[in-house]
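S.K.: So the sequence lines, in the order shown, correspond to chains A and B. Sequence positions in the first sequence follow the numbering used here and run 559 to 876. Sequence positions in the second sequence follow the numbering used here and run 559 to 876.
Watch out, some of these pointers could steer you wrong.
The list that follows gives simulated cross-link-like pairs (lysine-lysine, PhoX-like), each with its CA atoms no further than 20 Å apart [what the hints assert, rightly or not]:
| no. | chain 1 | residue 1 | chain 2 | residue 2 |
| --- | --- | --- | --- | --- |
| 1 | B | K840 | A | K699 |
| 2 | A | K658 | B | K658 |
| 3 | A | K756 | A | K658 |
| 4 | A | K631 | A | K756 |
| 5 | B | K631 | A | K756 |
Label-pair distances were calculated between CB atoms; the ranges are [stated by the list, open to error]:
| no. | chain 1 | residue 1 | chain 2 | residue 2 | range |
| --- | --- | --- | --- | --- | --- |
| 6 | A | T672 | B | Y566 | 43 to 49 Å |
| 7 | B | K699 | A | E843 | 46 to 52 Å |
| 8 | A | D643 | B | I681 | 40 to 46 Å |
| 9 | B | Q838 | A | R680 | 33 to 39 Å |
Derived from the structure by calculation, the hints contain no laboratory data. No residue lacks a Cβ here, since even glycine has one placed at the ideal position from N, Cα and C.
Number of protein chains: 2
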Amino acid sequence: MQKKILEYLRKEQEYVSGDQLSHKLGMTRQALWKHIQELRDSGYEIVAVPHLGYRLESAPDRLFAAEIISGLKTKFIGRKIYYYDTISSTMDVAVELGMKSAVDGALIVAEAQTKGRGRLGRIWFSPKYKGIYLSIILRPKILPNQASLLTLLAAVSVCEAVKDVCNLELQIKWPNDLLIKNKKIGGILTELNAEIDKVNFIVIGLGLNVNNDLKSLISQATSLKEENKEAVSRIKLLQEILLRTEDNYLLLQNQGQRIFLEKWRQYSVTLGKRVKVYCQKKHIEGDAVDIDSDGGLLVRRDTGVIEKVLSGDVVHCR
Amino acid sequence: MQKKILEYLRKEQEYVSGDQLSHKLGMTRQALWKHIQELRDSGYEIVAVPHLGYRLESAPDRLFAAEIISGLKTKFIGRKIYYYDTISSTMDVAVELGMKSAVDGALIVAEAQTKGRGRLGRIWFSPKYKGIYLSIILRPKILPNQASLLTLLAAVSVCEAVKDVCNLELQIKWPNDLLIKNKKIGGILTELNAEIDKVNFIVIGLGLNVNNDLKSLISQATSLKEENKEAVSRIKLLQEILLRTEDNYLLLQNQGQRIFLEKWRQYSVTLGKRVKVYCQKKHIEGDAVDIDSDGGLLVRRDTGVIEKVLSGDVVHCR
Numbered sequence: 559m560q561k562k563i564l565e566y567l568r569k570e571q572e573y574v575s576g577d578q579l580s581h582k583l584g585m586t587r588q589a590l591w592k593h594i595q596e597l598r599d600s601g602y603e604i605v606a607v608p609h610l611g612y613r614l615e616s617a618p619d620r621l622f623a624a625e626i627i628s629g630l631k632t633k634f635i636g637r638k639i640y641y642y643d644t645i646s647s648t649m650d651v652a653v654e655l656g657m658k659s660a661v662d663g664a665l666i667v668a669e670a671q672t673k674g675r676g677r678l679g680r681i682w683f684s685p686k687y688k689g690i691y692l693s694i695i696l697r698p699k700i701l702p703n704q705a706s707l708l709t710l711l712a713a714v715s716v717c718e719a720v721k722d723v724c725n726l727e728l729q730i731k732w733p734n735d736l737l738i739k740n741k742k743i744g745g746i747l748t749e750l751n752a753e754i755d756k757v758n759f760i761v762i763g764l765g766l767n768v769n770n771d772l773k774s775l776i777s778q779a780t781s782l783k784e785e786n787k788e789a790v791s792r793i794k795l796l797q798e799i800l801l802r803t804e805d806n807y808l809l810l811q812n813q814g815q816r817i818f819l820e821k822w823r824q825y826s827v828t829l830g831k832r833v834k835v836y837c838q839k840k841h842i843e844g845d846a847v848d849i850d851s852d853g854g855l856l857v858r859r860d861t862g863v864i865e866k867v868l869s870g871d872v873v874h875c876r
Numbered sequence: 559m560q561k562k563i564l565e566y567l568r569k570e571q572e573y574v575s576g577d578q579l580s581h582k583l584g585m586t587r588q589a590l591w592k593h594i595q596e597l598r599d600s601g602y603e604i605v606a607v608p609h610l611g612y613r614l615e616s617a618p619d620r621l622f623a624a625e626i627i628s629g630l631k632t633k634f635i636g637r638k639i640y641y642y643d644t645i646s647s648t649m650d651v652a653v654e655l656g657m658k659s660a661v662d663g664a665l666i667v668a669e670a671q672t673k674g675r676g677r678l679g680r681i682w683f684s685p686k687y688k689g690i691y692l693s694i695i696l697r698p699k700i701l702p703n704q705a706s707l708l709t710l711l712a713a714v715s716v717c718e719a720v721k722d723v724c725n726l727e728l729q730i731k732w733p734n735d736l737l738i739k740n741k742k743i744g745g746i747l748t749e750l751n752a753e754i755d756k757v758n759f760i761v762i763g764l765g766l767n768v769n770n771d772l773k774s775l776i777s778q779a780t781s782l783k784e785e786n787k788e789a790v791s792r793i794k795l796l797q798e799i800l801l802r803t804e805d806n807y808l809l810l811q812n813q814g815q816r817i818f819l820e821k822w823r824q825y826s827v828t829l830g831k832r833v834k835v836y837c838q839k840k841h842i843e844g845d846a847v848d849i850d851s852d853g854g855l856l857v858r859r860d861t862g863v864i865e866k867v868l869s870g871d872v873v874h875c876r
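From just these sequences and the hints, can you work out the full model?
M.R.: Shown next as C-alpha cells:
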C-alpha cells in the first residue's frame with residue numbers, strides 16, 4: 559500500500575488532497591495518515607498542507623525495492639527484489655534463494671553486510687548506506703566451465719554504468735577487481751551451483767564503494783564520492799548497473815562472446831602488462847597478451863610459450 | 559543409548575544378563591527394557607531368556623547409521639551419517655547440508671526417495687528398502703572443471719565394491735551409467751557448489767538397484783539380486799562402496815589421476831565402441847578412443863579428427 563501511495567505522489571508531483579488519495583486507494587483518512595507516518599519514518603519527506611494535501615518532497619538515500627523498481631528499465635534483472643537493511647552476505651542469501659528456485663534475474667540487495675566477502679573467502683568491508691552490495695541470480699543455459707565469462711560480464715557492466723552515471727573511468731584487473739587510478743573501488747564474485755554438464759544457477763555478486771569517505775576506507779582503496787568529490791545517487795547507479803548487466807547478458811546469449819570480450823579488452827588494465835599470476839601452489843610470470851574465449855588470461859612467458867590461466871591472483875609488475 | 563546396547567550385544571555375541579547390561583550402561587532395568595523394546599520395534603531380533611539375559615539374533619535389513627558404522631573401515635567418508643526413511647532426494651538434502659558446512663565425507667542415505675533424480679533432472683526410481691540411495695559431501699581442493707573426475711571415481715568405486723561383495727562385473731557407460739550385461743543397474747550424479755576458482759563442496763550421488771525384483775524394475779533395467787539370484791546385504795555393500803570411494807579419492811589426491819583413470823578404462827564399456835554423443839543441440843559420431851585427464855571422452859570422427867566431449871548422452875552404435 560505504501561508503494562502505491564508513493565507511486566501516486568510521484569506521478570502527480572503536486573499536492574494531492576487526502577480525500578482524493580484515500581478514495582483512490584480505497585482506505586480511510588486515518589489509515590492513509592498512518593501509512594504516511596510510516597513512510598516518513600522510513601525517511602521519505604512528505605509535506606502535508608491543510609486544504610492542499612500531501613506532496614512528496616524527497617526520497618531517502620535507501621535501496622528500497624520500491625525505489626529500485628521506480629524507473630527501472632530492465633526486462634527481468636531486478637524485477638524481483640529481496641531487500642535487507644543488514645545481512646551477513648548477499649551471496650549467502652542468494653545461494654539459498656537459488657536453491658529454492660528463485661526466479662531468473664532475482665536481485666538481493668543490502669544496505670550493509672556483516673560478512674561481505676570477496677574471492678577465496680576474503681572480506682569485503684561493507685559499511686551501511688555507503689556502498690552497493692548486491693547479488694543477482696541467473697539461470698543461463700551454459701556449461702559450468704563458461705561461468706567465468708559472467709564475472710567479466712558483470713565487471714564490464716559496472717564500468718559502463720559508472721561511466722554513464724558518474725562520468726568516471728573504471729578499469730578491470732583480471733579476473734574480478736574494479737580499479738580507478740590503480741586504487742581498488744569494487745569487486746565481482748561469481749558462485750555457481752551445477753551438475754557436471756548443466757548450470758542450475760549462477761550468482762553474480764558486486765561490492766562497490768560509492769559514498770564512502772576517505773577516512774572509512776582501507777588504504778589503497780577509494781570510492782566514487784572520493785574521486786568525484788560529490789555524493790552519487792546509489793539508486794540511479796544501481797538501476798544503470800542492472801540495465802547494463804541485462805543488456806550485456808542478452809548480447810552474450812544472442813551474439814556470443816566476441817563483441818562482449820571486445821568491450822572487456824577496452825576496460826582491462828591487465829592486458830599489455832607484465833604480470834605474475836599466483837595460482838594454487840605455483841606462479842606464472844610473463845606478459846598478459848589477451849583474454850581467451852572462455853575468460854582465461856593468456857600469458858606469454860619469456861620462453862615465448864603462451865599459457866592460459868583460468869584463475870589466480872594477479873600482480874602487475876612495474 | 560540404543561547404539562551402545564547394540565554395540566555391547568554385538569561384542570558379547572552370547573547372552574548378557576539384564577543386570578550386567580543395565581549396570582554397564584548406567585541405567586535402570588526398566589529403562590533398559592524400554593530401549594530393548596524400541597530396538598525390537600525397529601526390526602532387531604533380541605531374544606530375552608529368564609536367568610540368561612538378552613542376545614542379539616539378527617539386525618533388520620535397514621541402513622541405520624549404527625549398522626553402517628559397525629565394521630566400517632573408512633577414515634572420514636561415512637563417519638557422519640544422516641539417515642532418512644523416506645526423503646525427496648538425498649541430493650537435495652546433501653546440497654543443503656553442504657551449504658551449512660557439513661563435514662567432509664558426510665553421508666546422506668535414505669531407504670526410499672520420492673523424487674530421486676539422475677542427470678539433467680531425469681527421474682531415478684527409488685523403491686523402499688530395495689536399493690542404495692546415497693549422497694556423499696566432499697570438500698576437495700580442486701578447480702571446478704576437475705569435478706568430472708569425481709563422477710568417474712564414484713563409478714569405479716561402485717564397480718570394485720560390487721565385484722568384491724557380489725562377485726559381479728559391472729560396466730561403466732560414459733559418463734555416469736552403471737550397467738550389467740548392457741542393462742542399467744545404477745547411476746552416478748555429481749553436483750557442485752563453487753566459486754570460479756574454488757570448489758566449496760561437491761556432492762556425489764548414487765542410485766543402485768540391489769534387491770529389486772524383476773517385476774518392480776523398468777524395462778532394460780536390472781538389479782544385483784536379479785543377476786545373482788540371491789538377495790544382497792545392502793549394509794555390507796554400502797560399507798564396501800564407502801571404503802572403495804575413500805581409497806580411490808585418496809589415490810587421486812596423492813598420486814594424481816593416472817592410476818585411477820587406468821582403473822576406469824578397465825570397467826568402461828564405452829571405449830572402443832562406435833558412439834553417437836548428443837551434446838546440447840549437436841551430436842558427434844565416431845569411435846570412442848580414450849578418456850582424457852579431466853574425464854572428457856575422446857571421440858575420433860571419420861575424418862580422423864579427435865574431439866573431446868565433456869558432457870552429453872552417449873548412444874553405443876552397433
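S.K.: Check each numbered hint against the structure and report the violated ones by number, ascending.
M.R.: Numbers 4, 5, 7 - these are the hints that the structure violates, sorted from lowest upward.
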